[in-house]
Amino acid sequence: EDKVVQSPLSLVVHEGDTVTLNCSYEVTNFRSLLWYKQEKKAPTFLFMLTSSGIEKKSGRLSSILDKKELFSILNITATQTGDSAIYLCAVEKSIQGAQKLVFGQGTRLTINP
Amino acid sequence: KAGVTQTPRYLIKTRGQQVTLSCSPISGHRSVSWYQQTPGQGLQFLFEYFSETQRNKGNFPGRFSGRQFSNSRSEMNVSTLELGDSALYLCASSFQEPGFLQYFGPGTRLTVT
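In order, the protein sequence lines correspond to chains A and B.
The letter at position 84 of the first sequence is residue 84 when you use our numbering, and the numbering goes up by one with no holes.
Basically our numbering = 1-based index in the second sequence + 113.
Certain hints may be false.
Unchecked claim - Once the Cα atoms are required to be at most 25 Å apart in a straight line, the calculated DMTMM-like pairs of lysine to aspartate or glutamate come out as:
1) A:K67 / A:E15
2) A:K40 / B:E165
3) A:K40 / A:D83
4) A:K41 / B:E195
5) B:K170 / A:E26
6) A:K57 / A:D83
7) B:K170 / A:E1
8) A:K56 / B:E195
9) A:K68 / A:E26
10) A:K40 / A:E15
11) A:K40 / A:D66
12) A:K37 / A:E55
13) A:K57 / A:D17
14) A:K57 / A:E15
15) A:K3 / A:D66
16) A:K68 / A:E55
17) B:K170 / A:D83
18) A:K56 / A:E26
What the hints assert, rightly or not - Some chain A residues well away from chain B (every beta-carbon gap over 12 Å; in silico):
19) G53
20) K68
21) T77
These are calculated hints, taken from the structure and not from any lab test.
Ideal Cβ positions, reconstructed from N, Cα and C, are used throughout, including at glycine.
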């Protein structure tokens with residue numbers, strides 16, 4: 001059975017700290033791994049990773065994928081209160097041409113001022 | 114370009130009733146996926162439609178059904194509602210094939226009493 005596991009499930013840090021969120025997976029027909037940020041309702045896209053070892057960066061956020069060990073990490077440096085959200089990891093798989101996302105439980109990140 | 118829209122945004126139903134939720138994808142997107150998000154289970158895949166055909170289905174009972182119209186708009190229906198169906202229902206659209214990014218709508222918050 002496909003599985004995506006995120007850790008920690010919850011994290012509380014102070015503004016300015018650096019955080020690392022983890023995502024491990026066991027998914028057949030892997031196509032890509034995605035990170036989303038969910039603040040209120042709709043998850044918003046952060047990164048799509050398809051190749052191992054290539055870091056993707058966007059401002060203070062970065063992410064990398066290890067397809068051998070089947071995990072990804074999302075780093076946020078110099079955290080701000082606006083980074084408080086649920087961070088979702090999802091693995092995209094292909095099933096007979098159809099697209100499906102398998103999500104982890106999410107990590108609830110709280111940044112205290 | 115307008116994003117994914119979902120209606121209604123909030124809904125309160127009683128056990129035993131049925132409900133229909135609507136999703137309008139981003140213009141040009143032909144694939145629509147539905148997800149259920151609950152605190153306990155996280156985001157779980159319901160089904161995916163492409164060109165009015167269901168291509169993929171998650172592990173949900175037959176009470177959950179959906180359809181897609183020729184204009185790519187999609188509806189999902191839940192019959193004989195149970196308390197456990199209370200959740201945020203998210204719709205996501207993507208261009209066409211696996212590998213294209215899914216964009217999420219704001220969701221419909223369904224409460225079953």
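Hints versus structure:
1. This hinted pair does not check out: K67 (chain A) and E15 (chain A) have alpha carbons roughly 32 Å apart, beyond 25 Å.
2. Distance restraint check for K40 (chain A) and E165 (chain B): the Cα-Cα separation of roughly 30 Å exceeds the 25 Å cut-off, and the hinted pair is therefore not satisfied.
3. A threshold of 25 Å between alpha carbons decides the hint, and for K40 (chain A) with D83 (chain A) the separation of about 12 Å falls inside it, so the pair holds.
4. The hinted pair formed by K41 (chain A) and E195 (chain B) meets the criterion: a straight-line CA distance of about 23 Å does not exceed 25 Å.
5. Taking the CA atoms of K170 (chain B) and E26 (chain A), the gap is near 19 Å; set against the 25 Å cutoff, the hint holds.
6. The straight-line distance between the Cα atoms of K57 (chain A) and D83 (chain A) is roughly 15 Å, inside the 25 Å bound, and the hint therefore holds.
7. Taken as a hint, the K170 (chain B) and E1 (chain A) pair is honoured in the structure, with Cα atoms around 14 Å apart against an allowance of 25 Å.
8. Pair hint K56 (chain A) plus E195 (chain B) does not hold up; C-alpha atoms about 42 Å apart against a cutoff of 25 Å.
9. A distance of roughly 11 Å separates the Cα atoms of K68 (chain A) and E26 (chain A); the hinted pair therefore holds under the 25 Å criterion.
10. The straight-line distance between the Cα atoms of K40 (chain A) and E15 (chain A) is roughly 20 Å, inside the 25 Å bound, and the hint therefore holds.
11. The suggested pairing of K40 (chain A) with D66 (chain A) is violated, with an alpha-carbon distance near 30 Å, which exceeds 25 Å.
12. Restraint check for K37 (chain A) and E55 (chain A): the C-alpha separation of about 18 Å stays at or below 25 Å, so the hint holds.
13. Of the supplied pair hints, the one linking K57 (chain A) and D17 (chain A) holds, its CA atoms being roughly 18 Å apart against a limit of 25 Å.
14. With a CA separation close to 20 Å, the supplied pair K57 (chain A) and E15 (chain A) stays within the 25 Å bound.
15. With a C-alpha separation of about 16 Å, the suggested pairing of K3 (chain A) with D66 (chain A) holds against the 25 Å cut-off.
16. Distance hint between K68 (chain A) and E55 (chain A) is fulfilled; the C-alpha atoms sit about 15 Å from each other, no more than 25 Å.
17. Distance restraint check for K170 (chain B) and D83 (chain A): the Cα-Cα separation of roughly 33 Å exceeds the 25 Å cut-off, and the hinted pair is therefore not satisfied.
18. Pair hint K56 (chain A) plus E26 (chain A) holds up; C-alpha atoms about 22 Å apart against a cutoff of 25 Å.
19. With 12 Å as the threshold on Cβ separation, the claim that G53 (chain A) sits away from chain B holds: the shortest Cβ distance comes to roughly 20 Å.
20. Once the 12 Å rule is applied to beta carbons, K68 (chain A) is consistent with being away from chain B; the minimum gap is 21 Å.
21. For T77 (chain A), the non-interface assignment is confirmed: its Cβ lies about 25 Å from the closest Cβ of chain B, beyond the 12 Å cut-off.
Going through the hint list in order, the structure does not satisfy hints 1, 2, 8, 11 and 17.
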